[in-house]
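Chemist: Sequence:
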Amino acid sequence: MAGFFLFYAQRNPDKTYQLEINGPCKATSFDQVSDRDLKENIRVIDNATERIRLMNGYTYRLKSNGMPYAGVIAQEALNAIPESVW
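So the sequence shown is numbered by the UniProt record's numbering: it starts at 1 and just counts up by one.
Wrong hints could be hidden among the right ones.
Said to hold, decoys possible - For lysine to any residue, the following SDA-like pairs were computed, each having C-alpha atoms within a straight-line distance of at most 20 Å:
1. K63 to Q75
2. K39 to S84
3. K39 to N12
4. K39 to W86
5. K39 to I81
6. K26 to S84
7. K39 to P82
What the hints assert, rightly or not - Here are the in silico distance ranges between beta carbons for each label pair:
8. Q18 to Q75: 13 to 21 Å
9. N47 to A70: 22 to 30 Å
10. K15 to I42: 32 to 40 Å
11. P13 to R53: 35 to 43 Å
Simulated from the structure, these hints should not be mistaken for lab results.
No residue lacks a Cβ here, since even glycine has one placed at the ideal position from N, Cα and C.
Please build the complete structure, drawing on both the sequences and the hints.
Modeler: Below, the structure is given as structure tokens:
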């Protein structure tokens, strides 16, 4: 596939989800795991500040679509907080 595809998701006030995809989509499941309501046994990360300092923030373009993004590198996150990458 080539071209530009738009992906947008939001949680509505009634706790339903809205997903819009401009382009083909094939999936066996979707997971949304940032929401507190979907988690249990939440614990504070020990030495979180020190662990975060092991990572850098980056701006980059994805090879697959050329779009600009900002975030962390999974390999650095795995080293700093192994539970954050799966």
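Chemist: Run every hint past the structure and note whether it holds.
Modeler: To see whether the hints hold, each was checked on the structure:
1. Note on K63 and Q75: the hinted pairing holds, with a Cα-Cα distance of about 17 Å set against a maximum of 20 Å.
2. Of the supplied pair hints, the one linking K39 and S84 holds, its CA atoms being roughly 14 Å apart against a limit of 20 Å.
3. Distance restraint check for K39 and N12: the Cα-Cα separation of roughly 18 Å lies within the 20 Å cut-off, and the hinted pair is therefore satisfied.
4. About 16 Å separates the Cα atoms of K39 and W86, which keeps this hinted pair within 20 Å; it holds.
5. Under the criterion of a C-alpha separation no larger than 20 Å, the hint pairing K39 with I81 is consistent with the structure, at around 18 Å.
6. About 25 Å separates the Cα atoms of K26 and S84, which puts this hinted pair outside 20 Å; it is violated.
7. At roughly 18 Å between alpha-carbon atoms, K39 and P82 fall within 20 Å of each other, so this suggested pair holds.
8. For the hinted restraint 13 to 21 Å between Q18 and Q75, the CB-CB distance of approximately 33 Å leaves it violated.
9. The beta-carbon spacing between N47 and A70, approximately 25 Å, falls within the hinted interval of 22 to 30 Å.
10. Remark: the range hint 32 to 40 Å for K15 to I42 is contradicted by a beta-carbon distance near 18 Å.
11. Checked against the given bound of 35 to 43 Å, the beta carbons of P13 and R53, roughly 36 Å apart, stay inside it.
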